[in-house]
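Colleague: Chain by chain, the residues:
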Amino acid sequence: MRMPSTGLTRIAPERIATDGMSCLDDMEGSLAERILSDRAERRITDVQSVSALMRRYDAPRSSVLNAIKILNSDGIVIQQTSRTWVFQPILDTPNAQDESLAFRLTMEPQAIVAPGFRMDSQKIGLLRQQMEEFLERPDGGLSSAAFLHMDCAFHSFIAESSGNRFIRGTLLAHQRLRLTTQKDHSIPDFRLRQSLGEHLDILDSLERMQRQLAADQMIVHLRRSQIRKPRTVNRGILPPGRESAR
Amino acid sequence: MTGPLIALFPEASFGSALNCVGIAQQLQREGAVPVFVCHPGFNGIFAEYGFREYQLPVASTAARQTEETWQAFMTAHLEHFSRTPTAQLTTYVAPTWEAIVDTVVQVEAALEALLKRIKPDAIVLDNVIMFPAFANAGVPWIRVVSCAETEIADPNVPPYLSGMAADDPGRPAFEAAYLDAVDAAHRRYNVFRRRCALAPLPAGQFLEPSPHLNLLLAPRAIRHERAQPLPEDRFVFLDGCIREEAQFEPPRLPVDDGPLVYLSFGSLGAIDTPLIGRMIEAFSTLPARFLVNVGGFLEHYQQVPDNVCLGSWFPQPSVVAQADLFIHHGGNNSYCEALYHGVPSLVMPYCWDGHDNGLRAEQTGTGLTLRRHGWSSRQLGDTLTMLLNDPAMRERMAGISARMALENGATVAARAILRKLDRG
Chain A
1 MRMPSTGLTR
11 IAPERIATDG
21 MSCLDDMEGS
31 LAERILSDRA
41 ERRITDVQSV
51 SALMRRYDAP
61 RSSVLNAIKI
71 LNSDGIVIQQ
81 TSRTWVFQPI
91 LDTPNAQDES
101 LAFRLTMEPQ
111 AIVAPGFRMD
121 SQKIGLLRQQ
131 MEEFLERPDG
141 GLSSAAFLHM
151 DCAFHSFIAE
161 SSGNRFIRGT
171 LLAHQRLRLT
181 TQKDHSIPDF
191 RLRQSLGEHL
201 DILDSLERMQ
211 RQLAADQMIV
221 HLRRSQIRKP
231 RTVNRGILPP
241 GRESAR
Chain B
247 MTGPLIALFP
257 EASFGSALNC
267 VGIAQQLQRE
277 GAVPVFVCHP
287 GFNGIFAEYG
297 FREYQLPVAS
307 TAARQTEETW
317 QAFMTAHLEH
327 FSRTPTAQLT
337 TYVAPTWEAI
347 VDTVVQVEAA
357 LEALLKRIKP
367 DAIVLDNVIM
377 FPAFANAGVP
387 WIRVVSCAET
397 EIADPNVPPY
407 LSGMAADDPG
417 RPAFEAAYLD
427 AVDAAHRRYN
437 VFRRRCALAP
447 LPAGQFLEPS
457 PHLNLLLAPR
467 AIRHERAQPL
477 PEDRFVFLDG
487 CIREEAQFEP
497 PRLPVDDGPL
507 VYLSFGSLGA
517 IDTPLIGRMI
527 EAFSTLPARF
537 LVNVGGFLEH
547 YQQVPDNVCL
557 GSWFPQPSVV
567 AQADLFIHHG
577 GNNSYCEALY
587 HGVPSLVMPY
597 CWDGHDNGLR
607 AEQTGTGLTL
617 RRHGWSSRQL
627 GDTLTMLLND
637 PAMRERMAGI
647 SARMALENGA
657 TVAARAILRK
667 LDRG
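In order, the protein sequence lines correspond to chains A and B.
Heads up, the first sequence is in the numbering used here, so the first residue is 1 and it goes up one at a time.
Heads up, the second sequence is in the numbering used here, so the first residue is 247 and it goes up one at a time.
There may be inaccurate statements among the hints.
[Said to hold, decoys possible] Stretches of chain A that chain B covers, calculated by requiring three or more beta carbons in the stretch to come under 8 Å of a beta carbon on chain B: (1) 135-148; (2) 186-200.
[To be verified] Sample of chain B residues facing chain A (criterion: CB under 8 Å; computed from the structure): (3) Glu294; (4) Tyr295; (5) Glu545; (6) Pro561.
Since the hints were derived computationally from the structure, they do not count as laboratory data.
Every residue, glycine too, gets a C-beta built ideally from N, C-alpha and C.
Chain A extracted, bound-state conformation (with noise of 0.2 Å):
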C-alpha cells in the first residue's frame, strides 16, 4: 500500500520538478535557452563561435557571452579554443538516449544502496503529492514534457540524496542534461501512469528503509523505460542472406 501524501502547497509539476535543478531555470526564453533549443534541434552545429552566435541571435557579445557562461556552468558547453565552444553531447538522438539509459542503469541503483543515502522528507511529501494529482489526470490530458520534468525531479531528488558525492554530482548534472535537452518524449498514457506508478513504489521503498528493494524497483524502471521503437521495419522477417535478394 502506498504511502499518503503529505499536505503540502500545490506546484506545478512543471515548476517542481526544474526548481534549483539548473542555471538555466530561471532563464525561460532567455539567449542561453534559444541556443540550446537550437543545438537541441540541430539547428547549430556542436561548434561555435561567439561571433556567430552574435549573428545568429543579434544579440551584443556581452548578452553571448553570459549565455556561453551559464552553459558552460551547466557542463553543456566546453571551450575549445579563445575563440570557439564546443557542445559537449546531448539527449537529442534515439542513440544518445540510449546510452543514457544505460549510463543510469549502472549509476542510479548505486545511489541507493551507496552508505548514507538520506532523504529530505518534505521534499518526499512534494514529489509525491505532485506525481498522485499527475495521475488522477484523464487519459489525454497527460502531457509528456510535464512528465518529463517530473521525472528529472524525481530521478534528481534519488541522485541528490545518495551518500555517495561523485554518484551524486554526476547524476545530478546528467539529469539537468536530460531536463534540458532530451527530445522524443512523447509515451503512451499507459506507459506515464505505469512509470509514475514505479517513482511511488521506490518512494514507498526508501521511506520503508528497503533500499535494496528500492534499488531493484530502479533496474526494472530503467529498463522499462528502455524500449525503442523499432528504425526500420517491413513486412516479414528477412531470413540471413536475403538483402541480397534484387
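Since chain A is already given, all that's left is putting chain B on it; use the hints.
Modeller: Just chain B, lined up with the frame of chain A:
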C-alpha cells in the same frame, strides 16, 4: 470472470501495429482481454499501451539481425522506390513476398506452440499473408485489411499495388505482370499450405478472406463502389481505427508562424534520408511550420531550418489533429488518420499500397500526389500552397472528419469481433 482473450497479430509495420492498438483499446473497454503476438523489434511497443505481449517465435540469430538486415534490404531497394508500380513488381514486390513467405515458414511450428499456450478465444490477424497456425488454431480468426481496400479484388476496384484506376487500359497487363512476378513465392507458399493441411490459394493470393469476419479500414469517403458487393455479415468497413495517444504540444520554433505541416513517410520512409534532406531544404523557403518524422536517423541531419522540427517519433494522431496538411507515403493508416482529422494529404508514394492510396486521394479530392523524385523546390512549394489554400477541399475534409468521428471505426471493429464470438 474475465472477458474473451483475443490475440492480435499485426504485421511488422507501424501502421498495422498502431491500427491494432486502436482496436485493442476498444476491445479492452468492452470487457475483452486483448494480447499481442508481435514481431521482434516491436517488443515493448504494445506493453507501453498496457497490453501483454508474446514475441513471434523466431530463431535468436534472425531476431538479432532483423533491424540491420532490413535496413540493408531497404537501402538496397531505395532506388526502386522511384520507379513505377509495374517496374517495382520484379525489383521490390517479388523479393518482399519471398521474405514474407520465409517468415511464415520459419515461425510456423513455434507459433503453433505459442498459440496453444496463449489459448485465445479469437485471433485478429492484421497481415497480408495467412500463418497456418492461426487458421488451424480452432478458434475464430478475424482478418483486418489495414492496407488499401484494393487488397480485396473486384472488377470495379483498381488492381492491388498498381496505382492505376480500375478502368485503366493497362490493367490486364499489370495483373499479368503481378502474377508472373509473385509466382515463385506463391507456389512455394501453396506447397507449405498443403503441408499444413490448408487448401492452396488462387494465383496471386496469399491470404484468404476469413470465414468469420473481415474488417476493412476503408472510410466511406474513399470506398469503391464494388461490382460484387461484399457480404455484410462477414465484411465490415471501418471509418478509421484511431488509437488514443499522449497529448502532443507542438514545440516552439525560432520561426513560429504559419500553418503546421506534418511529414512522415512511415515505417520505411525514414531511411530515405537524401529525399527528406531535400524536402527540409525546400521547407526552409516556405512560410509554414514543419514537423518531420525522421525515425532513427536524426543523426543524419544538421543545420535544421528555423521553421522545421525533426523528431524520431511523434504521437501521430495527436499531431495530425493539429496539422493543416499531412505529407505521407500513402500508407493506409496515415491516410485514414488524415481523413479522420480532416487534414488534406500530399501523398508521395514509395511502394505497396501507397500507390493505390495516392491515386485515391486525387480521385476523391482528399489530397494530391507528388512523385518522390523529379520535383523542384518550386513545384513542392506550389503544391503545398495549393493544398493549404483550397477552401473547397478544406470544407470537404471537415465533412469527412465529422462523419468519421461519428462512426468511430475502432468501436465498430471491437463490437463486430465480440458479436462474432457471442454467436460462436
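Colleague: Of the hints stated earlier, which fail here?
Modeller: Those not satisfied: there are none.
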